[in-house]
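Given the coordinates of chain A, assemble chain B onto it according to the supplied hints.
So the sequences go chain by chain: A and B. Per my numbering, the first sequence runs over residues 2 to 186. Per my numbering, the second sequence runs over residues 101 to 249.
Some hints here could point you the wrong way.
[Said to hold, decoys possible] Below, a sample of chain B positions facing chain A; criterion: calculated Cβ distance under 8 Å: (1) Asp159; (2) Tyr189; (3) Gly190; (4) Leu218; (5) Leu219; (6) Phe223.
Please keep in mind that the hints were generated in silico from the structure rather than gathered at the bench. For each residue, glycine too, the CB sits at the ideal point set by N, CA and C.
Take a look at the letters that make up each chain.
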Amino acid sequence: MNNLQRRALLLAPLGLAAIGGASFWTLLRRMDKGTYDPRGIPSMLLDKPLPRFSLPGQSPSQGFASADVVASGRPALINFFASWCIPCVQEAPVLMALKRQGTPIWGIAYKDKVDATSGFLQQYGDPYTRIARDEPGTVAIDFGLYGVPETYLVDRQGIVRWRWAGGMTDDIARQSLAPLLKSLA
Amino acid sequence: MRFVACLLLSGLLAVPAFAVSDPAELLPDRAQEQRAETLGHQLRCLVCQNESVEESNADLARDLRHIIRQRIVAGDSDQQVIDWMVARYGNFVRLLPPFNAMTVVLWGAPAIAVLAGLLAVLFARMRRPAPPEPLSEAERRRVADLLKS
Chain A
2 MNNLQRRALL LAPLGLAAIG GASFWTLLRR MDKGTYDPRG IPSMLLDKPL
52 PRFSLPGQSP SQGFASADVV ASGRPALINF FASWCIPCVQ EAPVLMALKR
102 QGTPIWGIAY KDKVDATSGF LQQYGDPYTR IARDEPGTVA IDFGLYGVPE
152 TYLVDRQGIV RWRWAGGMTD DIARQSLAPL LKSLA
Chain B
101 MRFVACLLLS GLLAVPAFAV SDPAELLPDR AQEQRAETLG HQLRCLVCQN
151 ESVEESNADL ARDLRHIIRQ RIVAGDSDQQ VIDWMVARYG NFVRLLPPFN
201 AMTVVLWGAP AIAVLAGLLA VLFARMRRPA PPEPLSEAER RRVADLLKS
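If we strip away everything but chain B, and leave its shape as in the complex, we get:
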């Protein structure tokens, strides 16, 4: 019991691991730092590609974290920071891609899948063979005979 409690507690205490290892990277203003971290989590590290800029240890990710903080201190809005990144690295840099002509299939995929499933079910129903005619009196007798023997 104690062990389980400890385990639960350690789970609660565990904080997500951030690559920001150098306290000098952090902004003194808590609110600004919070914004920078939120933004960093939305941007892809171009080197490791499946990590966000905030989580990655790559040099480039560190540079980008620094730039995010510079832009925030300079008074950029969140959207302006993202636009700055997109201008250089394209929409690929956004971990949550925007909805546009290029991503229509990506975002539409769940709807397309559901629709395809519904169509498949409908199609299968339509093609289900009609139930067989009830047996005639002669057939019934024959079945009874066969079962008896």
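Excised from the complex, chain A in its bound form:
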């Protein structure tokens, strides 16, 4: 074994360990920032049309159908939420900020009681253009939802462009959502 080979053999494991360490560090950092969820499931809806649905409303809002979202002719967010969901409380101010910036948000109350939903909206604010109710949770399954909250970005043609599973943070709204909203506007 010559000197070069010896050195290569010594450095190879070190190099591998360095690459592994760097990847692991990036992974942890992304988990920390919330841009990577190891339990996350990729959405099957991306670049596909909105599933068809028509849901009753949470009074005083009338309900809405998928066609209404498309007919609005603007890129919009569809947000599944529930009064019993803690990340929904955490993301409430983020959604309120999006509303102030003029983003239409269509809310779907998932497996929630009417009174509980209105209590939640009173306490944490109502960022929604309209609020529908999915009490049996079947429309949510057509979306491929696996938890609340989940937020979908739909373009003018009703094609789903982005999905965020879990509570939205300012960082995510600013870094992931804002550029997309701009490009679709």
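For chain B alone, kept in the frame of chain A given last:
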């Protein structure tokens, strides 16, 4: 002895625990229910992720069990039920992932490991140093001398 027998018997009697706690969930038709359970065991609960839809207590799993049964009663084949789930949740929902470009490494891993092992053995054999030359007459004498002293 009696104790051991009891233990064995209780082992035989123990049935796998199912999350289906509400008899109203079950289909009246035994064959259909059997199919639903088999399918439920092949599908992942998206909430607990390491449990099947049939075993999980999560709300979503209960809804999915219900949908499986609805689709079966509506006359769907097993494949159609699975396709229905995959259309919404992707291949992740299948506890036994299909073989495709994405899963080639996953399914190929055992073969790759065996191959790597074989290569390592071959490599080690090739590099094994040649056995030393037999000792010369002078060397042998020297060894004998050294051992004697």
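#### Entry: Per-residue hint verdict: phenylalanine 223 of chain B, partner chain A, C-beta under 8 Å
violated, 13 Å
### Task
Hold the hint about tyrosine 189 of chain B up to the distance rule: shortest CB distance to chain A must be less than 8 Å.
Holds: closest Cβ of chain A sits about 5 Å from tyrosine 189 of chain B, inside 8 Å.
### Message
Under 8 Å is the threshold here; is the Cβ of aspartate 159 of chain B close enough to any Cβ of chain A for the hint to stand?
### Response
OK, holds: aspartate 159 of chain B within 8 Å of chain A, min 7 Å.
### Query
Any CB of chain A closer than 8 Å to the CB of leucine 218 of chain B?
With Cβ-Cβ at 20 Å, over 8 Å, it is violated.
### Message
A closest beta-carbon separation below 8 Å is what the hint needs, so does glycine 190 of chain B meet it against chain A?
### Response
holds, 5 Å
### Task
Please verify that hint: leucine 219 of chain B, Cβ, nearest Cβ of chain A, below 8 Å or not.
violated, 16 Å
When the structure is compared with the earlier hints, violations turn up for hints 4, 5, 6 and for no others.
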